[in-house]
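Chemist: Kindly generate the complete structure, drawing on both the sequences and the hints.
Mapping the sequence shown onto my numbering, position 237 (from 1) lands on 260, and the numbers just tick up by one.
Treat the hints loosely; a few may be bogus.
Stated by the list, open to error - Per label pair, the in silico range of CB-to-CB distance: (1) Gln199 <-> Pro74: 41 to 51 Å; (2) Thr383 <-> Pro161: 24 to 34 Å; (3) Gly347 <-> His296: 42 to 52 Å; (4) Thr383 <-> Glu89: 43 to 53 Å; (5) Val313 <-> Gly276: 30 to 40 Å; (6) Thr191 <-> His296: 44 to 54 Å; (7) Pro161 <-> Arg315: 26 to 36 Å; (8) Ile226 <-> Val335: 34 to 44 Å; (9) Arg361 <-> Ala134: 31 to 41 Å; (10) Glu133 <-> Gly394: 16 to 26 Å.
Note that these hints are calculated values from the structure, not bench results.
Glycine included, C-beta positions come from ideal geometry on N, C-alpha and C.
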Amino acid sequence: MQSCSRFGASRGLAQRLNRGLAQRLNRLRATAVLVLSVGVLLATTTALAGPRPITPRGPLSAAEQETIALFHRVAPSVVFVTSISQYRDAWSRSVTEVPQGSGTGFVWDEAGHIVTNYHVIAEASRLQVAFDDQSEWPAEVVGVAPDKDLAVIRVRGGKVPRPIDIGTSADLLVGQSALAIGNPFGLDHTLTTGVVSALGRTIRAITGREIDDCIQTDAAVNPGNSGGPLLDSHGRLIGINTMIQSPSGASAGIGFAVPVDIINRVVPQLIEHGRLIRPILGLRLADDRVVRRAGLRGALVHDVDRGGPAGVAGLLGVRRGRGGATVVGDLIIAVDHRKVESTDDLLAELENHNIGDTVTLTVRRDGAERGLRVRLGAPPPR
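Modeler: In structure tokens:
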């Protein structure tokens, strides 16, 4: 009995040892499988994380190649304008220079004249111009036309890039390509593309005067683009990017440019005279708001210079009538048969003429219309 018990005990011990060994072997197998699985997973992940093969681009379209060539041709003629103002400390009396703002300009001629917007340089004590090659030069103001939001500045020293090519705005069509190069938010020489969205728009300069015949474009125009060129598909200047219409102050796809035909008429005068020389009539006009409240449409003459163009032609201002009653002046309603409904309309018509030209003014006086021929005069020297 005892031997049987020892045998049974030995057999039980062997069984327990075998079961333990089997469990350890199973754990080793599981570990080996896990390690193998992780290895396979790592190998698969490593293979998937490698660089993808590059798909060949193929040739650029003809339109893309033309746009790229246009940018490389015109970009050197576009400059970055920094306006710097001086502030004097009230206590220490020390002067500090602070960048007031930045904008864009473009090379007008080989003499170093650069065209930009008036509002870009209006508050400047000093101007700095940066070119495409990263060179920087100080600039001076040559002439300004605030009513047209145009200014001419000049850099001295160094060789300026080739002047921008000039186009015309007279034959523009809605839908044709429009490209803008500028420095939005200080990001120099940024190209945006779009189309001419509309023509004949009217915007207001910072003086409050209207600028007629402006170009509307959806080429993205942002703060910093002001003063930059708006180009046609041949790289010719068709306008100067001036303002945007946006509730946020960033581009909303509605930008406005002063047309090149105005620029080409005004800039030579700014270079030669420092200001816009308009032919004058030699009279003063009543405020448009007063005229409208009276239910009238036109430019109402308040008083006339004796011996001036209007006085010589016979125009009359406000005067005393019979019995001392006040008689309103002549109401100018047309220039050379083109309708005039406001002071801005009259000035816009005069800007289409030169000093010494003769125009026919249609005026309403005492309820009747009459035509008076006036020879336009020169403004007095400053």
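Chemist: Each of the hints needs a verdict: does it hold here or not?
Modeler: Against the structure, the hints come out as follows:
no.: 1; hint: Gln199 <-> Pro74: 41 to 51 Å; verdict: 43 Å, holds
no.: 2; hint: Thr383 <-> Pro161: 24 to 34 Å; verdict: 49 Å, violated
no.: 3; hint: Gly347 <-> His296: 42 to 52 Å; verdict: 44 Å, holds
no.: 4; hint: Thr383 <-> Glu89: 43 to 53 Å; verdict: 47 Å, holds
no.: 5; hint: Val313 <-> Gly276: 30 to 40 Å; verdict: 38 Å, holds
no.: 6; hint: Thr191 <-> His296: 44 to 54 Å; verdict: 24 Å, violated
no.: 7; hint: Pro161 <-> Arg315: 26 to 36 Å; verdict: 47 Å, violated
no.: 8; hint: Ile226 <-> Val335: 34 to 44 Å; verdict: 35 Å, holds
no.: 9; hint: Arg361 <-> Ala134: 31 to 41 Å; verdict: 36 Å, holds
no.: 10; hint: Glu133 <-> Gly394: 16 to 26 Å; verdict: 47 Å, violated
Violated hints, in rising order: 2, 6, 7 and 10; the structure is consistent with all others.
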